[in-house]
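Each chain is listed here by its residues.
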Amino acid sequence: MSKATGFLRLFRWAGLIPFVVIVGGLWVGGYLFADAIARSLLQSNLTRIQGAQVDVGSVDVAWQPFGLVAEQLEFTDPNQPTHNALDIGQVALQLDFLALLTGKVLIESLAVDELQFQTERSSLGRVVTRAPRPERDGPSVTERVVDTVDLPSPRDALERHGPLETEARAQAARAARDSAVSDVQTRSEALPDDRTLEEHRERLQRLQNQELRSLEAIQQVRTEVTDLTSAVARDRMAIDRFIDSVESGEQDIRGALQALVGGPGADVNAILSTYNLSSDGQVALAGLLLGEQWAGWIEDGQRWYATATPWIQRLQDRRRERESVPTGVQGYFVLFPEDNPIPRFWLREARISAQTAGGDWSGRIVDLSSDHALIDRPATLEARSTRLDAAEAAALDLVWDRRVDNQLDVRFDVDRWRVSGWQIDDDDLPIGLRSANTDLRVNATWRNGWSGGMNWQFGDARFGMPAEWRSGNVLRQALEGVNRFAVQTELSGSSVVPRTSWSSDLDNQLASALRDIVGAQFAEWEGELRAELEQRREELEAPVRAELARLEDQRREWEQKRNDLETEVVETLASFERQLTEERRTIERRADEERRAAEERARQEAQEAERRAREELENRARDALRGGGGLGF
Amino acid sequence: MFGPFLGPVAKLLKAIASEAGPWQIAWGFALGMLLGVTPFWIHSFVILLLLMVLRVNFASAMAGWALFGILSLGLDHGSHALGEWWLTHPGWQDTWTALYQSRALQLLHFHHTLMLGSWVIGLLLLVPVAFGAKAAIPPLRLHVVPILQKYHLLRANKANTLYGRFVNVWRGF
Chain A
1 MSKATGFLRL FRWAGLIPFV VIVGGLWVGG YLFADAIARS LLQSNLTRIQ GAQVDVGSVD
61 VAWQPFGLVA EQLEFTDPNQ PTHNALDIGQ VALQLDFLAL LTGKVLIESL AVDELQFQTE
121 RSSLGRVVTR APRPERDGPS VTERVVDTVD LPSPRDALER HGPLETEARA QAARAARDSA
181 VSDVQTRSEA LPDDRTLEEH RERLQRLQNQ ELRSLEAIQQ VRTEVTDLTS AVARDRMAID
241 RFIDSVESGE QDIRGALQAL VGGPGADVNA ILSTYNLSSD GQVALAGLLL GEQWAGWIED
301 GQRWYATATP WIQRLQDRRR ERESVPTGVQ GYFVLFPEDN PIPRFWLREA RISAQTAGGD
361 WSGRIVDLSS DHALIDRPAT LEARSTRLDA AEAAALDLVW DRRVDNQLDV RFDVDRWRVS
421 GWQIDDDDLP IGLRSANTDL RVNATWRNGW SGGMNWQFGD ARFGMPAEWR SGNVLRQALE
481 GVNRFAVQTE LSGSSVVPRT SWSSDLDNQL ASALRDIVGA QFAEWEGELR AELEQRREEL
541 EAPVRAELAR LEDQRREWEQ KRNDLETEVV ETLASFERQL TEERRTIERR ADEERRAAEE
601 RARQEAQEAE RRAREELENR ARDALRGGGG LGF
Chain B
634 MFGPFLGPVA KLLKAIASEA GPWQIAWGFA LGMLLGVTPF WIHSFVILLL LMVLRVNFAS
694 AMAGWALFGI LSLGLDHGSH ALGEWWLTHP GWQDTWTALY QSRALQLLHF HHTLMLGSWV
754 IGLLLLVPVA FGAKAAIPPL RLHVVPILQK YHLLRANKAN TLYGRFVNVW RGF
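The listed protein sequences correspond, in order, to chains A and B.
Under the working numbering, the first sequence has 300 at position 300, and the numbering climbs by one with no breaks.
So the number in the working numbering is just where the residue sits in the second sequence, counting from 1, plus 633.
Isolated chain B (complex conformation) (with noise of 0.2 Å):
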């Protein structure tokens, strides 16, 4: 049952036992956390390469785009309802209207509800999640990962899965 959540949940706990810096795994968590709650679109790709040119942690991004995008599936009807408020609020249509003459600006999708709305969700969540992140990583790292690691709960043998071998080849830049 909660299959699912034990992947990303090990993901971040293997990030937050490593060497990395509090604000690297937080926002890189953060990050993933906008990849999860925003609908897969042309926005993701930038944000992909924010993940890859900036140092911030790989790994806590993906644990951050896997557990958002669960937590996503409850958030869209708030997103939906927020990004249709906000397209059909009568003091923002001469805005929107002057926005959606650009061809460009529409490829973004800004006109669609549920794209809009948990856009707006995910920049509001952004800095928050990455402080909380960044707060809850020193007890994290001083109470929980010596337990994991007294049950060689954090001993994976990377190198053996494909996720694995990519860390090593990223670890080598």
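Okay, chain A solo, but in the shape it has when bound (with noise of 0.2 Å):
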């Protein structure tokens, strides 16, 4: 047997046919039922994502050029499962095989028609996850503006006014007579006693009845007088204190009721902004016309955004997968660089028409994809509208960057805006913008936050309002008389729904016309709103100038003592001390004087007693002289 017959007989050339047959029947079970497998799995991945039953009516798979098309994708809503979020008429779209085959989604074009919003569903559609629905917080704009209009008593405007400023003024001047209270109650410890200031007087008297006639007697006194003086100084000095405290006590008090006596006038102020007729005050009227509106616009957003997330977060999360490493064992693709890189997601470009209750649209989005910096373009969406029933032209505009940082800038203009019927659901403030003709313009930008606004000029605006309503007839000649406003929001915060803060000429023009009608009822208003203040604020401030009024008299008392203490005993004592060191000057002058007269007597004695002992000492010597003749030599 030759190598060659041996190196064939490895082989068994027969086994082709089953291998063709099985790949080949693999192949055309493929083709033949390639139609219901891909309905099989876009149901059910679309369900998955959706969070609720998505039915697809049929998909019709094409090989050359590689896409499908289907019809009929009905989205239940997960809040309402009784309809429909969309409802597609039919999807063409076209995909690159190769690029399928390799792990990527590139679809080369996506053709969206009739899409429907909110439509009813013909059974009720399953549930998978429930989108979170969007919660508002706070007063609606209703309830808020409700306040502003419908003015109550000025009671009832204090109590629904909340923490008034008289009332925390009134709590600081408390807290500052507390504090003085216990201050003077400290220094009131060291006070001397009544009898203790008698015994001073007394003492004093008792030295000064004392006898001067020696100095000891006297060094004896001084030495009393001094012990008295510092016992008299320490009780001065602890009645300086005392008085001071007292003093500072009141100079504390009277500060605090200085500040709330402007309490009321702030209370009223603040009041007044709330039960707004001014020009800085909060949206009023505009916010309870639009607000409401914008209101509910806002929750439609969060709630096309909750369902919109999945959706997103599949792309995104299509990127974190590039970013950071996934473990498990499926595995990933690693991707290297390429000359003509394609992102794992693109949508090179999408075409949709769709008709909503307002009109009929058509968008295109282009780009949109997992990885912009990648392609280096952003995804933009363009949607125009084609038909409208209440506006002439509307155009969005998207544009989403994620080259560098995550940017949505979002552009929408409505031309010629007819509203109308824009009635308030509330029967505390039964008004309604009836007509105007409005154009809105919004341009906003996300940037690790939002920025930007909206401007809505409103002209031949119409209000109206029964007449019944109390502050209707005032209201209603105010709003006659308001033709043209506008209103301009602006953007801010970094949630996926932005806050809004609201400004409106409208507010400005309602109250510069009420002003004009309710002018005098509104001062009325305010004079009695600041009365009932006036009247809470000396009822709270009662007590406290009671405690101020009793210092006062606390201090005076004092001061008197202290003037008695000073005048009694501290300048007598200063007197006595003066004489006593008169007195002591004059014994020893005395004592001087004496010594000296007795040293001169002294002196004078010894000059005698010389002069007699020389005389006697001459006498004898002449007596002898006398008697001897001579002197006896």
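There may be inaccurate statements among the hints.
[Stated by the list, open to error] Where chain B lies over chain A, by a calculated footprint (3+ residues, C-beta under 8 Å):
| no. | region |
| --- | --- |
| 1 | 5-11 |
| 2 | 330-344 |
| 3 | 400-409 |
[Said to hold, decoys possible] Reference excerpt, derived from the structure (chain A facing chain B, CB under 10 Å, subset only):
| no. | residue |
| --- | --- |
| 4 | 19 |
| 5 | 22 |
| 6 | 86 |
[Said to hold, decoys possible] Beyond 10 Å from chain A on every Cβ pair, some chain B residues (computed):
| no. | residue |
| --- | --- |
| 7 | 704 |
| 8 | 724 |
| 9 | 733 |
| 10 | 745 |
Please keep in mind that the hints were generated in silico from the structure rather than gathered at the bench.
Ideal Cβ placement from N, Cα and C applies to all residues, glycine included.
Put the complex together from the two separate chains, hints included.
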């Protein structure tokens, strides 16, 4: 057997037949059942992402070029299973088959036709995961605005206003009073009592009555005077400190009371800005009319965002997949640089036509990708109205750029939008904007937070409200005078739903008109409110003022005692001390004179004695001379 | 509990008990192993083609496929780690990048961590498994097959099963 024959014996060429049969069978089976398989896969995957049942009417897979056409796609609304969040008549997409086999989804073109929102389902849709329902915090715009127009009684206004500045300042005054009383009480413990002061006087009296005839007596009295002076000084210092603390407390209390006097004024201003008819107040009627509308749109937006979140996350997850290496046994594709890189997901172009309750739209999405940096282009969405019931034209432009940061630019314009029948569904304030011609411009950007805002111009405005409403007559008169106004909104915040701050000249116009109409009534109300607050202030400050008066009495009493002590004891002591000094000097002077006189007498006596001695000697000598005729020599 | 394992083992034992050559059984088992440890993709059709056109034992290949398909559940962690290590190794980046430029090569999913790792492990195991299987067949035929035949454990009516019918047709070639 030759080597070639031996090698060929390794093969059984007939085995090609079953291989071809199996592979061919798989191919033919796949070809024949591709539509059903694709429909099943599409339904299960879309249901998983949507979180609710997605029905696909039919799918037609095309092989050259590769793509599919799906019809009658119904996306159940997870929060309202009786309705479809989306109802799409037909979706036709063309895919890059080779890219798909390499793990990338490259959609060359996508056409979405007959897109409708919130259509009723024929049967209840199955819900897998419910989208979070958007919540609104705080009082509704209506609740806030009802407060601004329907004036309550002054007492009710005070109760509804919440913490009053007057009360806060009264509290501060009470705190100052308590602090002063405590300090004064501490200082009063060191004060001398009346008995002590009397003892000082008696002791001084006794000292004054003592005989001062010798230096020893003066010295003794002087020592006692020094002791008494020290004791009086201590008591006087205690009195001084006490009076100082009383004065300081009085000063604090007077300051707090002074501030309290201004409390009602501050409260009146604050309350007037709440029950606003001034230009710098809160959004009142504009907020009422547009705020509910806006809040409704925000809720719609939140609901749509919640619905779209799984789809957006799917894009972001794919992006994260590239940035962080996942673990697990599924493995992942490692991407390397290439000349014409393709991101994991790339929708080159989509054309969408939609029918909404307000009209028909056509849109175009370009370059929606999981990696904008890779394709070096942002995703763009353009939507234009083709027919609108209540406006001439509308245009929405979105640019989503994730090349460097995550930035979204939104521009939304509506021209000649005829709004009508904006009635607030609230019995307390049944007011409405009957009709107006408006132009809306929204220009916003999200980049680590929202910026930009909305400018909405209203013209030919006509308002309406029932005549029986309490404030209706005056408001209606004011509203009739308002024909044009503008509303501006500034967007901020970093959450998906932006925070909005409103401003509008509607309130100013209304305020001006209302001031003219109800100026007197409002002034009366303001006066009543001020009187109510003044009365409340007086009630609150009464105990503080009483305490202040008591402190003043206490201060005066001790000032008098200090003066008495000063005049009766301190000054007398000083005088007595001077007297003692004088007495001492007198005694010393007298003693000195006596000493000098004694010395003079002693000197004179010595001289006399000497003279006598000398005379005696001379006499003896003379006698001797006389007796002996001579000296006897 | 052991149900999923019994089918492939029975197929393997029947193959061993058959008159097929040891190398046919061994290489069939090894190629089946390669099918089992790698994810099913385009390469799998190539291996299937080899199984069909090479004179290897098809039953042992199916047994190897099934057995290592189950075992690969435990091997996948290692395969993924190995593939990831190799694909992200700095010294190999130029090579992988050069290969990546070809869309045709991308189709082979060589840049998939699990695919690359499992193929490396499968190819490394191919020859040892073939030789190991060849070495194990004579003792099994000598000691195990008689016992199984004694208890009629290998006498199932193959013709009554779809697989049996396929084998009968297969033997006709």
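Against the structure, the hints come out as follows:
{"no.": "1", "hint": "5-11", "result": "holds (count 3)"}
{"no.": "2", "hint": "330-344", "result": "holds (count 10)"}
{"no.": "3", "hint": "400-409", "result": "violated (count 0)"}
{"no.": "4", "hint": "19", "result": "holds (4 Å)"}
{"no.": "5", "hint": "22", "result": "holds (7 Å)"}
{"no.": "6", "hint": "86", "result": "violated (34 Å)"}
{"no.": "7", "hint": "704", "result": "holds (13 Å)"}
{"no.": "8", "hint": "724", "result": "holds (14 Å)"}
{"no.": "9", "hint": "733", "result": "violated (4 Å)"}
{"no.": "10", "hint": "745", "result": "violated (5 Å)"}
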